[in-house]
Amino acid sequence: MFDEARKPLLKVENLKMHFPIFRGILKRQVGAVKAVDGISFEILEGETLGLVGESGCGKSTAGRCVLRLYEVTDGTIELEGQNIASLSGSELRAKRPEMQMIFQDPQASLNPRMTVGSIVAEPLYEHRNMTKLERRARVDELMDAVGLARRFADRYPHEFSGGQRQRIGIARALALNPKFIVCDEPIAALDVSIQAQVVNLLEDLQEKLGLTYLFISHDLSMVRHLADRVAVMYLGKLVELGPSETLYTAPQHPYTQALLSAVPHPDPAKAGNIDRVILQGDVPSPANPPQGCNFCTRCPVAIDICRKDEPEWRQIGEGHFAACHLIE
Amino acid sequence: MSSTIEQDQAQNRSLWGDVWSQFRTHRGALIGMVVFGIILFGVTFGPFIWTKDPFFLDIRAKNTNAMTSCFFTGSQIWQCFSDPTSIKYFDPNAEVLDRLKVSWSFPLGTDQIGRDILAQLMQGGRVSVAVGMTAMLLSLIVGTLIGVLAGYFRRVDGLLMRFTDLFLALPILPLLLVIIMLFRDTLRNAFGPETGIFLLIVFIIGMTSWMQTARIVRGDVLALKEREFILAANSIGTPARRVIGRHIMPNILSPIMVSATLGIATAIITESSLSFLGLGFPSDFPTWGRLLFDGTSYIGQSPARVIWPGLAISLTVLSVNFIGDGLRDALDPRIRGR
Numbered sequence: 001m002f003d004e005a006r007k008p009l010l011k012v013e014n015l016k017m018h019f020p021i022f023r024g025i026l027k028r029q030v031g032a033v034k035a036v037d038g039i040s041f042e043i044l045e046g047e048t049l050g051l052v053g054e055s056g057c058g059k060s061t062a063g064r065c066v067l068r069l070y071e072v073t074d075g076t077i078e079l080e081g082q083n084i085a086s087l088s089g090s091e092l093r094a095k096r097p098e099m100q101m102i103f104q105d106p107q108a109s110l111n112p113r114m115t116v117g118s119i120v121a122e123p124l125y126e127h128r129n130m131t132k133l134e135r136r137a138r139v140d141e142l143m144d145a146v147g148l149a150r151r152f153a154d155r156y157p158h159e160f161s162g163g164q165r166q167r168i169g170i171a172r173a174l175a176l177n178p179k180f181i182v183c184d185e186p187i188a189a190l191d192v193s194i195q196a197q198v199v200n201l202l203e204d205l206q207e208k209l210g211l212t213y214l215f216i217s218h219d220l221s222m223v224r225h226l227a228d229r230v231a232v233m234y235l236g237k238l239v240e241l242g243p244s245e246t247l248y249t250a251p252q253h254p255y256t257q258a259l260l261s262a263v264p265h266p267d268p269a270k271a272g273n274i275d276r277v278i279l280q281g282d283v284p285s286p287a288n289p290p291q292g293c294n295f296c297t298r299c300p301v302a303i304d305i306c307r308k309d310e311p312e313w314r315q316i317g318e319g320h321f322a323a324c325h326l327i328e
Numbered sequence: 001m002s003s004t005i006e007q008d009q010a011q012n013r014s015l016w017g018d019v020w021s022q023f024r025t026h027r028g029a030l031i032g033m034v035v036f037g038i039i040l041f042g043v044t045f046g047p048f049i050w051t052k053d054p055f056f057l058d059i060r061a062k063n064t065n066a067m068t069s070c071f072f073t074g075s076q077i078w079q080c081f082s083d084p085t086s087i088k089y090f091d092p093n094a095e096v097l098d099r100l101k102v103s104w105s106f107p108l109g110t111d112q113i114g115r116d117i118l119a120q121l122m123q124g125g126r127v128s129v130a131v132g133m134t135a136m137l138l139s140l141i142v143g144t145l146i147g148v149l150a151g152y153f154r155r156v157d158g159l160l161m162r163f164t165d166l167f168l169a170l171p172i173l174p175l176l177l178v179i180i181m182l183f184r185d186t187l188r189n190a191f192g193p194e195t196g197i198f199l200l201i202v203f204i205i206g207m208t209s210w211m212q213t214a215r216i217v218r219g220d221v222l223a224l225k226e227r228e229f230i231l232a233a234n235s236i237g238t239p240a241r242r243v244i245g246r247h248i249m250p251n252i253l254s255p256i257m258v259s260a261t262l263g264i265a266t267a268i269i270t271e272s273s274l275s276f277l278g279l280g281f282p283s284d285f286p287t288w289g290r291l292l293f294d295g296t297s298y299i300g301q302s303p304a305r306v307i308w309p310g311l312a313i314s315l316t317v318l319s320v321n322f323i324g325d326g327l328r329d330a331l332d333p334r335i336r337g338r
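First to last, the sequence lines map onto chains A and B.
One point on numbering: in the numbering used here, the residue at position 209 of the first sequence is 209, and numbering is uninterrupted.
One point on numbering: in the numbering used here, the residue at position 270 of the second sequence is 270, and numbering is uninterrupted.
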């Protein structure tokens with residue numbers, strides 16, 4: 001509504017996450033896996049930022065870094081003006097209720113030995129001073145909010161289907177009324193009919209509670225449906241970021257073009273006419289990225305400068321950013 | 001009708017109620033519990049019912065056979081049970097007709113210096129079961145603690161596991177000798193001869209058997225730590241001690257339970273070997289292991305002297321194993337749901 005007045009809720013600048021590699025008898029550090037290598041973006045209040053990219057490009061790591069589940073190597077993560085990358089111990093813990101996460105595998109993200117009620121109540125137990133009855137009431141409320149029957153609270157996760165388990169995970173994430181939720185491929189492990197349910201639930205909740213999402217996914221069409229803006233990641237770096245419609249209709253970066261051309265078309269008659277950009281070769285190892293542009297080894301239009309200099313991250317349009325030498 | 005039953009169950013479900021109802025379906029565990037109950041009852045209250053002094057030497061009754069040897073007297077079997085002292089039997093080794101030494105005063109017979117085996121068995125059971133349980137508990141606590149710390153906190157992993165390797169590499173026998181030489185008299189003076197040696201033995205067995213548990217637990221914690229629900233707990237901000245208590249411990253319960261049940265067996269047997277070496281309880285102090293070893297020299301004359309303590313040890317170990325098995329199943333919600 002008031003686009004001008006919207007403030008960024010989350011501001012990530014030059015975020016780096018390098019996992020050291022130790023080798024030899026003395027366990028000396030011989031290198032690092034540069035899972036996330038200097039990414040910057042903002043998420044406005046109440047919007048959904050989609051983060052897409054192929055497997056192993058570092059999008060999940062980026063999501064986890066944003067919640068400080070890893071000790072980041074470098075960079076700042078400002079949530080409402082407070083840099084959570086440098087917070088320690090109790091300060092960080094006090095900030096946790098504002099940011100939550102929904103996980104990819106609903107089977108693995110729920111403790112098999114705990115009842116659904118106690119799983120959903122765990123955040124309450126940790127951060128709110130509630131009596132047993134108040135906790136129970138809040139759990140019932142949350143179960144209603146995600147569309148699960150209240151009496152399921154006494155059951156164990158293995159008694160539920162994948163979609164229901166993901167709802168349990170969502171209920172847990174909502175327990176503390178967070179402002180910001182990282183959705184780490186929340187629909188990747190579900191089958192298509194249930195994906196829609198979960199996505200609709202996420203949209204409804206956003207509308208009702210004014211949530212802000214960082215939606216990590218490799219399902220490009222789902223991201224288009226859900227996200228206001230989309231960021232594309234390749235080998236630890238952002239290659240393009242822009243408003244959803246602009247990015248999908250006029251992708252600028254050659255990698256984005258290749259990625260989008262891989263989206264299947266619903267109409268088989270038209271599907272044959274799509275000019276597919278088929279990338280050759282494999283993604284280079286993040287422990288040893290190529291010189292120059294990260295994408296130069298597979299880029300169909302790469303020129304000499306791409307193999308020498310790293311392209312700059314710059315604005316190329318209204319809220320549209322990309323990192324490529326070839327874009328004017 | 002069925003829906004009301006379901007609702008009733010939903011309202012009345014409590015964790016321990018569920019655990020018990022699953023436990024009841026495990027027949028082996030139930031039998032194990034009954035057998036273990038009988039053994040416990042026997043060793044605790046038995047000496048009050050069978051009041052013979054296990055230390056009293058009835059030298060004229062030495063080497064009495066157990067009443068069970070009546071089963072091998074052929075046609076005289078009924079006479080043997082009704083009037084044991086009158087029985088004559090043919091000893092094929094000596095080729096003479098001899099009197100079978102059996103008496104209802106000593107249903108399980110006596111040893112070579114005339115002490116009642118039944119009384120000794122009950123007295124010894126107290127010590128053996130107590131040593132087994134406490135030593136197992138001690139080794140379990142130490143093993144789990146070290147395993148969890150090593151698995152969860154990467155910084156102490158190397159240190160703690162090398163410490164575990166160190167204990168595994170220690171030659172146990174010389175160590176025992178040294179410990180016992182150093183501490184036996186001090187402990188005896190401090191706690192009295194029996195309690196002192198009891199503490200010493202429990203300590204020694206506990207301290208030399210926690211390593212397997214520690215390794216198994218560490219491995220399981222390492223695997224568990226990578227699961228997403230631990231990450232979820234971290235993202236909630238649950239502190240490490242509660243992550244361990246709430247998420248790690250319940251999930252490593254089954255390996256712990258298995259080591260615990262096996263640990264009791266090992267502890268009872270280790271105690272008996274210690275006694276055999278003269279490092280444990282004094283030689284006149286009955287324990288199951290001690291009785292077993294004393295009996296081995298007389299196995300030809302009266303096999304019952306080996307069979308009864310052996311049976312007691314085996315039954316205890318077996319029943320505890322079955323109880324552990326049933327408990328492990330009952331505590332796993334996935335199995336419980338079936």
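Bear in mind the hints are in silico, worked out from the structure with no lab data behind them.
Incorrect hints may appear among the rest.
[To be verified] Subject to a maximum C-alpha distance of 25 Å in a straight line, what follows is the list of computed DSS-like cross-link-like pairs (lysine-lysine):
no.: 1; chain 1: A; residue 1: Lys27; chain 2: B; residue 2: Lys101
no.: 2; chain 1: A; residue 1: Lys16; chain 2: B; residue 2: Lys52
no.: 3; chain 1: B; residue 1: Lys225; chain 2: A; residue 2: Lys95
no.: 4; chain 1: A; residue 1: Lys179; chain 2: A; residue 2: Lys16
no.: 5; chain 1: B; residue 1: Lys52; chain 2: B; residue 2: Lys101
no.: 6; chain 1: A; residue 1: Lys179; chain 2: A; residue 2: Lys11
no.: 7; chain 1: A; residue 1: Lys95; chain 2: A; residue 2: Lys11
no.: 8; chain 1: A; residue 1: Lys179; chain 2: A; residue 2: Lys7
no.: 9; chain 1: A; residue 1: Lys208; chain 2: A; residue 2: Lys11
Okay, the hints, checked on the actual structure:
Only pairs whose Cα atoms come within 25 Å are accepted, and Lys27 (chain A) paired with Lys101 (chain B) is rejected, the gap being roughly 73 Å. Pair hint Lys16 (chain A) plus Lys52 (chain B) does not hold up; C-alpha atoms about 79 Å apart against a cutoff of 25 Å. Only pairs whose Cα atoms come within 25 Å are accepted, and Lys225 (chain B) paired with Lys95 (chain A) is accepted, the gap being roughly 23 Å. For the hint linking Lys179 (chain A) to Lys16 (chain A), the alpha-carbon distance of about 24 Å falls within 25 Å, and the restraint holds.
In summary, the hint linking Lys52 (chain B) to Lys101 (chain B) is supported, as the alpha carbons are separated by about 19 Å, within the 25 Å threshold. Annotation: proposed proximity of Lys179 (chain A) to Lys11 (chain A) holds, straight-line Cα distance about 14 Å (limit 25 Å). Our distance criterion of 25 Å between C-alpha atoms is met by Lys95 (chain A) and Lys11 (chain A), whose separation comes to about 15 Å. Only pairs whose Cα atoms come within 25 Å are accepted, and Lys179 (chain A) paired with Lys7 (chain A) is accepted, the gap being roughly 13 Å.
Distance restraint check for Lys208 (chain A) and Lys11 (chain A): the Cα-Cα separation of roughly 24 Å lies within the 25 Å cut-off, and the hinted pair is therefore satisfied.
Checked against the numbered hints above, the structure breaks hints 1 and 2 and satisfies the rest.
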